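Read off the chains here:
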Amino acid sequence: MDNFSKLLTEIGETWAKNSTQYLVGARQTILLAVVATAIGCLIGFLCGVLQTIPVQKHDNVFKKVLLAVVRAVIRVYVEVFRGTPMILQAVFIYFGVPYFFGTDNVFQLLVDSVNGAFGRPVLTLIGFVSYFVVSVNTGAYMAETVRGGILSIDPGQTEGAKAIGMTHLQTMLHVILPQMFRNIIPQIGNNLIVNIKDTSVMFIIGYTELFAVHKGVVGSTYVYFPSAVIEMIMYLAMTVICSVILRLLERKLDGPENFDVTTADSLAHTSGMTTYVKKKEKEELR
Amino acid sequence: MSEPILVIRHLSKSFGKNQVLTDIDFEVDKGDVTCIIGASGSGKSTLLRCVNLLETPSGGEILYMSSDIRSLKGGAPAYRRKVGMVFQSFNLFYNMNVLKNCTVGPRKVLHVSKEEAEKTAMYYLEKVGMAAYVKARPRQLSGGQKQRVAIARALCMHPDILLFDEPTSALDPEMVGEVLSVMRSLAKDGMTMLVVTHEMAFAREVANKVVYMNKGVILEQGTPDQIFNHPQHQETKDFLARVR
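Taken in order, these protein sequences are the chains called L and E. For the first sequence, numbering that gives the first Met the number 0 begins at 0 and goes up steadily by one. For the second sequence, numbering that gives the first Met the number 0 begins at 0 and goes up steadily by one.
Quick caveat, the hints were computed from the structure, so don't treat them as lab data. It should be emphasised that the depicted structure is a prediction, and the values quoted were computed from it without experimental measurement.
List time: in silico BS3-like cross-link candidates among lysine-lysine, alpha-carbon distance up to 30 Å:
id	chain 1	residue 1	chain 2	residue 2
1	E	K99	E	K134
2	E	K81	E	K187
3	L	K63	E	K16
4	E	K99	E	K118
5	E	K29	E	K214
6	E	K72	E	K99
7	E	K107	L	K62
8	L	K5	L	K214
9	E	K107	E	K81
10	L	K196	L	K251
11	E	K72	E	K29
12	E	K214	E	K16
13	E	K113	E	K126
14	E	K99	E	K81
15	L	K63	E	K72
16	L	K251	E	K134
17	L	K62	E	K72
18	E	K81	L	K62
19	L	K214	L	K16
20	L	K251	E	K118
21	E	K16	L	K62
22	L	K251	E	K99
23	E	K72	E	K118
24	E	K113	E	K99
25	L	K251	E	K107
26	E	K113	L	K251
27	E	K107	L	K63
Simulated coverage check for chain E against chain L, where a stretch passes if three residues somewhere in it have a Cβ under 8 Å from a Cβ of chain L:
id	region
28	50–58
29	83–93
30	101–108
31	150–160
Even glycine gets a Cβ: it sits at the ideal position worked out from N, Cα and C.
Please work from the sequences and hints to get the whole structure.
Structure below.
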């Protein structure tokens, strides 16, 4: 019990001294995770849709070759980014790009132009590479999720859409993708929560998110545990809140459980007429 | 009577080495109610799916209003706007409510206004007795109700011809009646219909043309009286004896 009250005091002290840093760290973490998951989803949607374009026998050669190339590129992208650690990807890109293209590389120019557009420094190279790596990484996972999601939709839905004259694009936009999106929300939630936690590896290139704050705080005090407790609680709070929001979104997309019927279904009655009469006759016979 | 809506000539279809349809020939005139009957696996559904280009025919030709459907401007989607289809498994869009199911086609494909699409949808939903259920999602409906919405959805596109692929085969017996009564009233209104069905009573009563298929060929076709009361082939007689 003594240890427990001591811990509480220390947590209080640590928080009082460093609360701003923790909150800034949490904001950086959640920003990176949410934005990168969203961009990753877009990348995944695009890859998933491109991979599921049907090829027919009578299509022209150009379309066939183009689709084959696109599919090969997506496969390589997915395998490379799923198959290597994100922490290494960050190092690889952060140090690799200047190594080959010098300090005036594409990434730096992009960051400069964004800052120029805002008129103040809103983005650092470290920040940009972090967003880039987490997005592209999430995209690789989402590409497969989306592909699976599309394949899981009943082919009858596609046929129903085609039968009223929809093109492939219209079928995708209005019928398949909304249903697929509903079905993969749990998987998007998985990715978001993994990202909230795994963005901590971006400390390797110096991105200051929640875990990096912990390292900073304990670096001056050498008391590890109270700060770890604070971090645990903050991470858990962020992930739980995200789960709840996604659950609410799922429920909203499912629509209301009940619906209003203004009048009775007259046809269902007439169709049941034959059996209804028979029943009545039986009763009369008794 | 003007030109036939559909002319099917020497149509054949094979899946790999499996020849499913061989040398199919028939015509559909405006106002015809044609019922295609035959045993399971005789190629009835494949024929219907070929007519709607959900399957690509391996040979022969299909003429819609005297022009080959493969050479139509706008390709298969443009052709399918004119040819409605009702499926055995309904295929209502699960992400939309009943009203949206009926308006999405006219709005996105025919580009009519929201008000007009909803007016049309309500007219046809009223006709199939489902107007009260506009806010319901397909999951909340019974099979018979789903099928009636599916019919309304097809009608909203103002098709020249409606194809029915065993519309009552997936239904509980007590729901067959409500769907058939909708189809009966459509026929009465002069809708051109091509119906693959196992409902012999319906074919006998509503159709003006019956096509009997056996092993991928049309064995005989004629009026319901010719097919049901005076069948020429032994296979037809056997089939009718089995289903009676």
